[in-house]
Amino acid sequence: MAWGPGVDTTGASSQTARPEGLSYAGVRASETIAAKDLIRMNNYKGLIQRAGSNQCVDPAVIAGIISRESHAGAALTADGWGDGGNAFGLMQVDKRYHKLVGKWNSEAHLIQGTQILVGGISAYNAGPGNVRTYEKMDIGTTHNDYANDVVARAKFYQKKGF
Numbered sequence: 001m002a003w004g005p006g007v008d009t010t011g012a013s014s015q016t017a018r019p020e021g022l023s024y025a026g027v028r029a030s031e032t033i034a035a036k037d038l039i040r041m042n043n044y045k046g047l048i049q050r051a052g053s054n055q056c057v058d059p060a061v062i063a064g065i066i067s068r069e070s071h072a073g074a075a076l077t078a079d080g081w082g083d084g085g086n087a088f089g090l091m092q093v094d095k096r097y098h099k100l101v102g103k104w105n106s107e108a109h110l111i112q113g114t115q116i117l118v119g120g121i122s123a124y125n126a127g128p129g130n131v132r133t134y135e136k137m138d139i140g141t142t143h144n145d146y147a148n149d150v151v152a153r154a155k156f157y158q159k160k161g162f
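When the letters of the sequence shown are read in order and numbered with full-length UniProt numbering, they come out as residues 1 to 162.
It should be emphasised that the hints constitute simulated quantities derived from the structure, not laboratory data. A few of these clues could be false.
Stated by the list, open to error - Within a straight-line C-alpha distance of at most 30 angstroms, the following computed DSS-like cross-link-like pairs (lysine-lysine) qualify:
1) Lys45 <-> Lys160
2) Lys159 <-> Lys99
3) Lys160 <-> Lys36
4) Lys103 <-> Lys160
5) Lys159 <-> Lys45
6) Lys45 <-> Lys103
7) Lys159 <-> Lys36
8) Lys45 <-> Lys95
9) Lys99 <-> Lys45
10) Lys36 <-> Lys103
11) Lys95 <-> Lys36
As the list claims (entries may be wrong) - Just the calculated beta-carbon pair ranges, DEER-fashion:
12) Ala74 <-> Lys159: 19 to 25 angstroms
13) Lys99 <-> Val7: 28 to 34 angstroms
14) Val101 <-> Gly140: 23 to 29 angstroms
15) Lys103 <-> Ser14: 32 to 38 angstroms
16) Ala78 <-> Thr142: 19 to 25 angstroms
17) Asn54 <-> Ser23: 35 to 41 angstroms
18) His98 <-> Thr77: 34 to 40 angstroms
19) Asn144 <-> Glu107: 30 to 36 angstroms
For each residue, glycine too, the CB sits at the ideal point set by N, CA and C.
Based on the provided sequences and hints, a complete structural model is requested.
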């Protein structure tokens with residue numbers, strides 16, 4: 001998956017930032033949220049890097065997804081469930097659409113989530129039929145900011161060595 005630091009992103013919407021206790025939105029909000037997750041994220045850095053290498057996906061993008069989906073595991077139950085019991089693991093793979101693979105914090109889980117991700121960041125959240133133009137790709141995603149927030153968080157994690 002090709003992307004880079006030059007990709008324009010609007011970052012987190014106020015709808016995403018507010019529940020995090022932030023009074024501001026945008027890239028700054030995405031970076032603040034990612035920074036809160038960094039200590040936990042570092043626990044999975046090796047797994048993230050191996051999954052990224054295995055699937056030819058930048059590990060920073062995987063970390064951005066993990067931050068958005070589970071706050072590096074902080075938003076999950078002890079056995080790895082979130083989203084009302086429908087989503088599993090660090091990357092929150094939805095059991096309604098995918099056969100679950102591995103333990104919630106395993107390399108197998110990260111490889112599965114990364115394989116799903118290859119279809120597109122917005123499609124990962126909203127479904128491939130809902131992806132529109134580049135400018136409107138987030139319409140229909142959670143808080144209408146999913147890809148922009150993930151890319152902003154990925155840029156943060158890239159600076160942190162992911």
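Problem set entry | Those earlier numbered hints the structure runs against, lowest number first | Of the numbered hints, 2, 18 do not hold.
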